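Could you put together the complete structure from these sequences and hints?
There are 2 protein chains.
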Amino acid sequence: MGSQSTDGGLGQEFTSHVIQAMGPNTTPRMRTVLSALIQHVHDFAREVNLTTEEWLAGVEMINWAGQMSNNKRNEGQLVCDVIGLESLVDDITYREASKTDKPPTSSAILGPFWRADAPVRENGTTITFNTPKDGLVAYMHGQVTDAETGKPLPNTSVDVWQASTNGLYEQQDDDQIDCNLRGKFITDAEGRYSFYCLRPTPYPIPFDGPAGKLLKLMDRHEFRPAHIHLIVSTEGYSPLTTQIFDKDSKYLEDDSVFAVKDGLTVEFKPRTGDSQAEWDLEYNVKLAKKN
Amino acid sequence: MGSQSTDGGLGQEFTSHVIQAMGPNTTPRMRTVLSALIQHVHDFAREVNLTTEEWLAGVEMINWAGQMSNNKRNEGQLVCDVIGLESLVDDITYREASKTDKPPTSSAILGPFWRADAPVRENGTTITFNTPKDGLVAYMHGQVTDAETGKPLPNTSVDVWQASTNGLYEQQDDDQIDCNLRGKFITDAEGRYSFYCLRPTPYPIPFDGPAGKLLKLMDRHEFRPAHIHLIVSTEGYSPLTTQIFDKDSKYLEDDSVFAVKDGLTVEFKPRTGDSQAEWDLEYNVKLAKKN
Numbered sequence: 001m002g003s004q005s006t007d008g009g010l011g012q013e014f015t016s017h018v019i020q021a022m023g024p025n026t027t028p029r030m031r032t033v034l035s036a037l038i039q040h041v042h043d044f045a046r047e048v049n050l051t052t053e054e055w056l057a058g059v060e061m062i063n064w065a066g067q068m069s070n071n072k073r074n075e076g077q078l079v080c081d082v083i084g085l086e087s088l089v090d091d092i093t094y095r096e097a098s099k100t101d102k103p104p105t106s107s108a109i110l111g112p113f114w115r116a117d118a119p120v121r122e123n124g125t126t127i128t129f130n131t132p133k134d135g136l137v138a139y140m141h142g143q144v145t146d147a148e149t150g151k152p153l154p155n156t157s158v159d160v161w162q163a164s165t166n167g168l169y170e171q172q173d174d175d176q177i178d179c180n181l182r183g184k185f186i187t188d189a190e191g192r193y194s195f196y197c198l199r200p201t202p203y204p205i206p207f208d209g210p211a212g213k214l215l216k217l218m219d220r221h222e223f224r225p226a227h228i229h230l231i232v233s234t235e236g237y238s239p240l241t242t243q244i245f246d247k248d249s250k251y252l253e254d255d256s257v258f259a260v261k262d263g264l265t266v267e268f269k270p271r272t273g274d275s276q277a278e279w280d281l282e283y284n285v286k287l288a289k290k291n
Numbered sequence: 001m002g003s004q005s006t007d008g009g010l011g012q013e014f015t016s017h018v019i020q021a022m023g024p025n026t027t028p029r030m031r032t033v034l035s036a037l038i039q040h041v042h043d044f045a046r047e048v049n050l051t052t053e054e055w056l057a058g059v060e061m062i063n064w065a066g067q068m069s070n071n072k073r074n075e076g077q078l079v080c081d082v083i084g085l086e087s088l089v090d091d092i093t094y095r096e097a098s099k100t101d102k103p104p105t106s107s108a109i110l111g112p113f114w115r116a117d118a119p120v121r122e123n124g125t126t127i128t129f130n131t132p133k134d135g136l137v138a139y140m141h142g143q144v145t146d147a148e149t150g151k152p153l154p155n156t157s158v159d160v161w162q163a164s165t166n167g168l169y170e171q172q173d174d175d176q177i178d179c180n181l182r183g184k185f186i187t188d189a190e191g192r193y194s195f196y197c198l199r200p201t202p203y204p205i206p207f208d209g210p211a212g213k214l215l216k217l218m219d220r221h222e223f224r225p226a227h228i229h230l231i232v233s234t235e236g237y238s239p240l241t242t243q244i245f246d247k248d249s250k251y252l253e254d255d256s257v258f259a260v261k262d263g264l265t266v267e268f269k270p271r272t273g274d275s276q277a278e279w280d281l282e283y284n285v286k287l288a289k290k291n
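So the protein lines, in turn, are chains A and B. Using UniProt numbering, the letters of the first sequence correspond one by one to residues 1 to 291. Using UniProt numbering, the letters of the second sequence correspond one by one to residues 1 to 291.
Hint data in this document are derived by calculation from the structure and do not stem from the laboratory. Keep in mind the model is a prediction, meaning the values are calculated, not measured. C-beta atoms are modelled at their ideal positions from N, C-alpha and C, and glycine is treated no differently. Treat the hints with caution; some may be incorrect.
[As the list claims (entries may be wrong)] Rough simulated footprint, nothing fancy, chain A against chain B, three-plus residues with beta-carbon under 8 angstroms: (1) 17 to 23; (2) 29 to 37; (3) 81 to 93.
[What the hints assert, rightly or not] Selected chain A positions facing chain B (Cβ under 8 angstroms, derived; list incomplete): (4) Gln20; (5) Leu50; (6) Ala65; (7) Gly66; (8) Ile92; (9) Met218; (10) Asp254; (11) Gly273; (12) Gln276.
[As the list claims (entries may be wrong)] A few chain A residues facing chain B, derived, Cβ under 8 angstroms: (13) Glu54; (14) Val137; (15) Tyr139; (16) His141; (17) Gly142; (18) Gln143; (19) Cys179; (20) Gly183; (21) Lys184; (22) Phe258.
Here you go:
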């Protein structure tokens, strides 16, 4: 009614009608975000002449994603990940937060396997409690500093998590104890943290839901390069969520979730004189003060 | 890695990288649809500088939609409906199917309350078995013909469903019997169908999920104008999914799901000499031959 274009089709006039239906109490930011979302969704549908059948297949995938999601799994997030959206949004958020000539350590996506309830562990202890036969142990350590001043940051939480060599995080795998390959380390007076972990290995993202179906439809593989997840946070500083990638890993160029960015690759070096670890990784982190 | 633009941000080069990751075995149509989808989703995120927090709020809504959906409810669809997407896609599909100077009856969106298993009923019988005190009964009848030749179409299924005056479809309401206000009528030798139903009344769409939350965020109401749903189908013809709207109803100009189109409003006339119904609605349908 009054929103059809002259050719009878639902063109830009219809889209304007939908956008302008928003009432006066919409917040300015919500109006901006939802106006752009509606515009792009409509333009997409018109551009490809999306049919009802195709749209319903998309709705089914969205509902399926929700139905697969629970406190151990976020399939809606994973669907976004395989089309690069989480990585893009992370990049936008990071750049907004780091407009300075002394930028903090680069961020990367959170991914769907972080747990809020990981235990705090002592520096120098291990996170690998069910080390698999093909697992290589690494000693990871480093210092957290203020990006601007270089000052060490004590009492900083280094929250770390990684998959085992079978590609599974502990919550996906009954053969791993609760919170295996996961823990929080608090930096000492000099901003230092350290722990034993696995040298990470590439693994496939879950392939049994809509994200996997999308990858199949796009004729893409499901593998991620070897990486370790980190959230580094302390009072007064912007928390850093990132991933570090083994520079010798496969899939650095074609990560299934597009998380690899310049400056996030690290080098594992042989470690000598330590019966607990074959590999050594030094990884230092710079945090930016909160605005 | 090789997909960052010169300013360090994830610009069009990143988007091209994601799109070009599709393998050679993607079907041409899938490549077209998903390339456009990825392009628009990325452009949207960049245009509004979408933050991780905002994106995660969106993911939560998608997962919530799936979790609310079951065989009686499709919340993913409802979310699309409140931003006009189902109506737009329906329009695109209809126009593709009706490029002729003798077009069939206009289509409208299916909506989330159709049931595949509605019973076939006899012409002249009723679909209102729990008529509410404030319900007005109407006798609806008409003829189904070939849009091109005007020839009557016998053995055509007229599948009809409507909400009761409390705004609920039978599957939402324990006080209505199974398949109340719902049924399939098969046209006779002259293409005619007839039944008793309620004169429809405006009602709110479900407001307890993400679609309702989206309406709140957009400061919009949840009401739909009074309407009856129909699917008319017979062998050799394109099935018609439509809705007819009472021309005297409120909300014709601001339907919460944007389904009202020109040519879909109908006039209920007083009916005399029939103790079963106060209102009369003649509604004829033209179907297009399948290509």
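Here is how each hint holds up against the structure:
1. 17 to 23: holds (count 5)
2. 29 to 37: holds (count 6)
3. 81 to 93: holds (count 11)
4. Gln20: violated (10 angstroms)
5. Leu50: Holds. Min distance 5 angstroms.
6. Ala65: At 6 angstroms from the nearest chain B Cβ, A:Ala65 passes the 8 angstroms test, so the hint holds.
7. Gly66: This interface hint holds because 2 angstroms falls under the 8 angstroms limit.
8. Ile92: Check passed: Cβ of A:Ile92 comes within 5 angstroms of chain B, closer than 8 angstroms.
9. Met218: holds (5 angstroms)
10. Asp254: holds (7 angstroms)
11. Gly273: For A:Gly273, the interface hint is violated, since the closest Cβ of chain B sits about 34 angstroms away, which is over 8 angstroms.
12. Gln276: For A:Gln276, the interface hint is violated, since the closest Cβ of chain B sits about 32 angstroms away, which is over 8 angstroms.
13. Glu54: Holds. Min distance 7 angstroms.
14. Val137: This hint is violated: A:Val137 lies away from chain B, its Cβ roughly 27 angstroms from the closest one there, beyond 8 angstroms.
15. Tyr139: Since chain B brings no Cβ nearer than about 27 angstroms to A:Tyr139, farther than 8 angstroms, the hint is violated.
16. His141: It is violated, given that the least Cβ distance between A:His141 and chain B is near 26 angstroms, above 8 angstroms.
17. Gly142: violated (23 angstroms)
18. Gln143: violated (25 angstroms)
19. Cys179: violated (23 angstroms)
20. Gly183: The hint is violated - A:Gly183 has no Cβ within 8 angstroms of chain B, the shortest such distance being about 23 angstroms.
21. Lys184: violated (20 angstroms)
22. Phe258: holds (6 angstroms)
The earlier numbered hints that this structure contradicts are 4, 11, 12, 14, 15, 16, 17, 18, 19, 20, 21.
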